[in-house]
Amino acid sequence: MKSFFRTHKKLPLVSLVLSVFYFIYVISMGNTKMAGDEIGGDPGGMVLPMVMACVLFACSLYLFLTDKPKTQNPVALGKEERSLFMLTLISSILYILVIRCLGFIPCTAILLFMLCFSNLRGSVRYEDWVFYLSGAFVSLALELAIYSVCRSLTRALLMAGRKGSIPSVFGSSAMVVFIVLVVTTAFVVLLSVLYHRLCKEKETTFSSCGLSVLLSVATTQYLYVIFKQLFLVELVKGLITW
Amino acid sequence: MQQYLIEGFQQIANIQTVLWMAIGSVLGIILGALPGLTATMGIALMMPISFQLPSATGIGLLLAVYCGAVSGASIPAILLGIPGNPNAIATTEDGYLMTRKGKAGEALGGAVIASFIGGVGSLLCLVLFSPLIAKLTLAFGPAEKTTLALVGLLIIASVSGDNLVKGIMMGAFGMILAFFGTDPYSGQLRIPFSHLLAHTPLAKGLDLTSTLIGLFGISQVFAEMKNINKPQTQKADANIGRIFPPFKKILSMWKIALSSLGIGTLIGAIPGTGASIAVFMARNAAENIAAGSKGKLDMPGTGCLEGVFAPEVANNAVTGGALIPALALGIPGDSATAVLIGALMIKGVTPGFQLFTQNMSLVYAIFMTLLLSNVFMALFQLAGVHLYPKILSVPTRILMPMVLILSFIGSYAIAGQATIAGVYNMGVALVMGIIGYYLKKDGYPISPIVLGLILGGMFEENFRRAVKLAGGNYFVFFTKPICLIFIAVSIVSLVVPVMNRKKKAKAKEKNRCK
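Going down the list, the sequences are from chains D and H. Going by the numbering used here, the first sequence opens with residue 1, and the numbers climb by one from there. Going by the numbering used here, the second sequence opens with residue 1, and the numbers climb by one from there.
Hint data in this document are derived by calculation from the structure and do not stem from the laboratory. Quick caveat: nothing in here was measured; it's all calculated off a predicted structure. Among these hints, one or two may not hold up.
Just some of the chain D residues that point at chain H, by a computed CB distance under 10 Å [what the hints assert, rightly or not]:
#1 LYS9
#2 VAL26
#3 LEU56
Covered stretches of chain H, going by a simulated chain D footprint (3 or more residues, C-beta under 8 Å) [claimed, not checked]:
#4 170 to 179
#5 399 to 411
#6 419 to 430
#7 433 to 440
#8 453 to 466
#9 471 to 480
Here a beta-carbon is modelled for each residue, glycine too, at the ideal position from N, C-alpha and C.
With the rest of the complex left out, here is chain H (with noise of 0.2 Å):
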């Protein structure tokens, strides 16, 4: 273990990778800081440039822009009263609160503090728990690998969106997208007028980074068209004040950074749920713990800092959570990591065992950018607390073109020298963001279509072979215990998401009539 660890510091250890995850930070905290713009498609943006790196340092740099994005949606959130992203929701009430009493800096401070206790102890459950997780996967053949794929796909289907039959349709697309190219057995070709296309780069299949600039990045320029013509320059209150909450304020919170710090590991390790979710998990526990403090603690909503570390706590310990089914089993906890394995595996390291029996050295050095950036992703937040209400005024019709510029360049980069499949990828990326942006308006989620897009590959190799292996028996996976339990995984996955649905619309009836 001991020359696995030094081999991974080594791996860090250098000019480059510290360089490039410090620009990864602030380029992550800008994007979280900037509405319209999400930590999945900063990694997305970012993956082109991390594909020209060192694995260490390519994963670095896009672990840093994601905890950065993580955590800098709450600096709108608290200085505007306008979340980031989702993951900063719960943030806004409580921060626009205490901006508005003047302590902006408490709140921002807070929140730093907060992301990083967030970050870092997921980290400490993400070293502990993704060893032994990983470790049960060598009990998995190809049916226990069919059916683990299954229910990726099937839980991100059910809970990403409103409406399970958008989530399945998109996870079907993805696996679609993800069988073009050649067969994975026979070598035969697969993709409409072959006659045509034999010749170009789509022969091998859909280039995955290009596809997700696209349905990440350029889909996201073609929506915010609608805001364009919208007043865009939010004047943020300049007047942030003292930056550090009082020591004592903090310690006295550590109920409520221990409780968010397990929902949001938690949460995040459940794949499909997401820092959305967790948020909210953790304030409500954060209101029960301060109801329990016999005053002790404010009462979160009331423009405290508690309503503010709650929710910040456990979405940045979402990022380390969703990593333990990432790296551990291949399986993402949200779209953002989903991106992160497509670069992993762009990289040629595939999650599960193998990485931790065969590149426990880069295991290792994942952990430590993990950390490193967590606290790059601290220092610069704090560093440049008097810089946001200017980076909030940066409208978003001028960061669209640099947007589409940077996905066409990028997906144009993954080639490297060969010019004609750079122009394939534009043209990809294009296609992808045009279907991303119709799918997006009429409500479909994204994410089912990554994972279809991720997993595709790895079920149909392991279906062929699970039911070749059985001689030709479909019915193997009900044979086999593990495949059953992550079947009745999958059913419930289906179930609870849809009576939840159901439990609501009957509430909001119910609240309607009287």
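Isolated chain D (complex conformation) (with noise of 0.2 Å):
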């Protein structure tokens, strides 16, 4: 079995599979006619999908026999890329999986820390799990701190225009989208000046993971500044209830 896949790709075998599942769904699926097809006329439904499977699997059968791998592959990864594909998949995997349970701004902050962490240190090492804990723990307490003070401020600011104890034109909500903007930079900035203090040394794990809790809090923190309050996405709160 394994000398047979060393001298055929999978792809085409997986199509060629798929491709006969398709046929056999879209034959059970029945053909439909046009509304108002008494005269007839109308190929139906069914045709069309029932041609491009017989592409699919025509395509796939000639690549199958045709397509050899090639003896050293330029773009196989090797173990510590592989740790990191895996990390990647699975993460992105429970992320879509736990977002609306858990909400936006956790599971961001997180998944962004875990993969900027590991893709800095170049594979998954399981000796860094102190890293991987109290960097996600830091860039958790440090976005849930800034979304916060932005959340505060920006009730704060649309009360107040409403009740016209500050100008309108501070209260609008373009106005109110720019002074967090403004905040939130102000913090990132503080956030990598503290960073250049405390890692002076780059390329270590803890300057690393130095990094990873900044980009992780300013990507976070942005993305959510520009998708919910500029363009008013509904991204999900979770446990994140203030």
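Join these two chains into a complex; the hints should help.
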């Protein structure tokens, strides 16, 4: 079996099987006709999917028989890269599955920290677990801090604008977004100054962790402000109810 | 016409449009400059933002990213000798040689001027020809539209990648993806496990934006994993020197500029060809012009401005050229314009004659945003010349997590207030990203999938309508002259690349034997 896969590519085989399943599915679905096709003439909704299934099958079969894998694959991943690949894949799946329960801010901050840190380290190392845990915690704490500040500021400005206690221009939603962006930028600058002070030696695990925290917090907060406050996208709150 | 022109101008004459286009332009230049990030990926990632903006502003943002990324690819080509993407391959040789001679600034400045000439020149062609071509489509009935979609799909399938069968297979795969959802005429569900998925957002079919984000954004994140442990921070020569090449020198290259502009626009207008072909043709033409100039022009390949100018005019001319069939016929010139068409369709704008009759003010707005994109591209690229060495030192290992999260949030944001649909969209993007990664890894082209997705619906609707109108006669496509022309073009588009590949293989074998 192993030697079979060494001499044949897997992808054409997968698409070959899929095309067969798709063909069976199309047949089982039955033909549909246009509404009011009493006179006839409509080829039906089954024809083109069936033709495409046949084209896919024929191409897959041809490639399965002719397209042989190269003896040395230049794009093959090494052991370290494979661990990163798996981490990215699994954490992405988890992110999608839990975002509705936990909320956009905690999920994004933690995912970004983990991926940035692992990428900067070049692989997933079990001995780094302390950094993973503490970094994720710090990212989350800092992100929640800046989020809370910006949220309170937004509410206060909007309320004050509505009551007329500040000039109406400062209470407009566009100006509020601008002010929040300025505050976020100031916070990010502060964090980066802190990072440069604390991590004078680059390329160490601690500095990678620090940089990942900085990137994670800054990206999460900017994305939140742009998508939630500027474009009014309903980013799930999850556990962050305030 | 004057009224449409004024209306079009009104659509873009606001701070919001100018600001977003400026952001798009800077972002495009950075995307183009960083190896591994492409114009198509940039447009796909910006689609959710453009979706939230008014039509002209959103399209302007995407065009700004497109022009910026095509032009920005010349920066690493000149400073590092590594093209940001295939569009700048031909710029590398002379550009890097100029840098080594201490003329990096002149090369960068020349590239910007060339890009501007290419962009604006091809825009003129777009303004002149696209309404005429769109008018031709008045004569198109369902049968003609079916064969037109087939031509677009087959041309892309035959020229993208190095294997025709792989291209066709990907086109068919894209079509199958387009068929998911509801039957356009009966409204019946056409998704597997419909008893489970009927009440999910998947019942409406795959979300186009999420699919494109997955195929171009997330797949690239996985594809870049192989480079994660390679040395990433390359030091660019910080000694930029004088930026503007002598004005006389630029004027002396008018023949090169004109020929490259023609080549770029024409190649761009042929669906599926793209800038990577145009740049080499333009460079060859520049060599011929230099050879016949009796020493007035330097020979490309010797580290001269001519070798930078020709490909840079050509690759930016492709942007306007590729938009001619895209706007007039709905057939994209390259994968970037395919994504642009997708963005237009999400906005409810269908390219073709309808666009030119019912929404002419938007067409003018698009033309004006393209002009503004080129102006911004030139301004920001010149203004940021001294920043490039710093931008180039940003490692991809930091960028990729950002791209991944932006891909997720982008596909989520398309759903707006519907959080469940947003989560489904993220799932679609991830699945398509993984599929895209494995396909890229095995050398399968992605562009035909996009074309299949975009043209699949149009193809099916018109195919069924044409056959129905002909009373169930499947041979109706062989009875109409326009259809026959399109079928002939399809056959030629399939045969010529195969013959060319065989010729190249034979020539290679001959060289080996020698």
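Going down the list of hints, with the structure as the test:
Interface restraint check: LYS9(D) against chain H, minimum CB-CB distance 6 Å, threshold 10 Å, status holds. Of the supplied interface hints, the one on VAL26(D) holds, with its beta-carbon coming within about 8 Å of a beta-carbon of chain H, less than 10 Å. The interface hint given for LEU56(D) is met, as the beta carbon of that residue sits about 5 Å from the closest beta carbon of chain H, less than 10 Å. Figure legend: the region 170 to 179 of chain H, annotated as covered by chain D; annotation consistent (5 residues with Cβ-Cβ distances under 8 Å, at least 3 required).
Only residues whose C-beta sits within less than 8 Å of a C-beta in chain D count toward coverage, and the region 399 to 411 of chain H has 8 of them, enough to reach three; the restraint holds. Evaluation of the coverage hint for the region 419 to 430 of chain H: fulfilled, as 7 residues show C-beta separations to chain D shorter than 8 Å, against a requirement of three. Given as covered by chain D, the region 433 to 440 of chain H passes the check, having 3 residues with a CB less than 8 Å from a CB of that chain where 3 are the minimum. Against chain D, the region 453 to 466 of chain H contributes 4 residues with a C-beta closer than 8 Å to a partner C-beta. That satisfies the three-residue criterion, and the hint holds.
A count of 3 residues in the region 471 to 480 of chain H with a Cβ less than 8 Å from any Cβ of chain D is obtained; the coverage claim is therefore met, three being the minimum.
Figure legend: structure checked against the earlier numbered hints; every hint is met.
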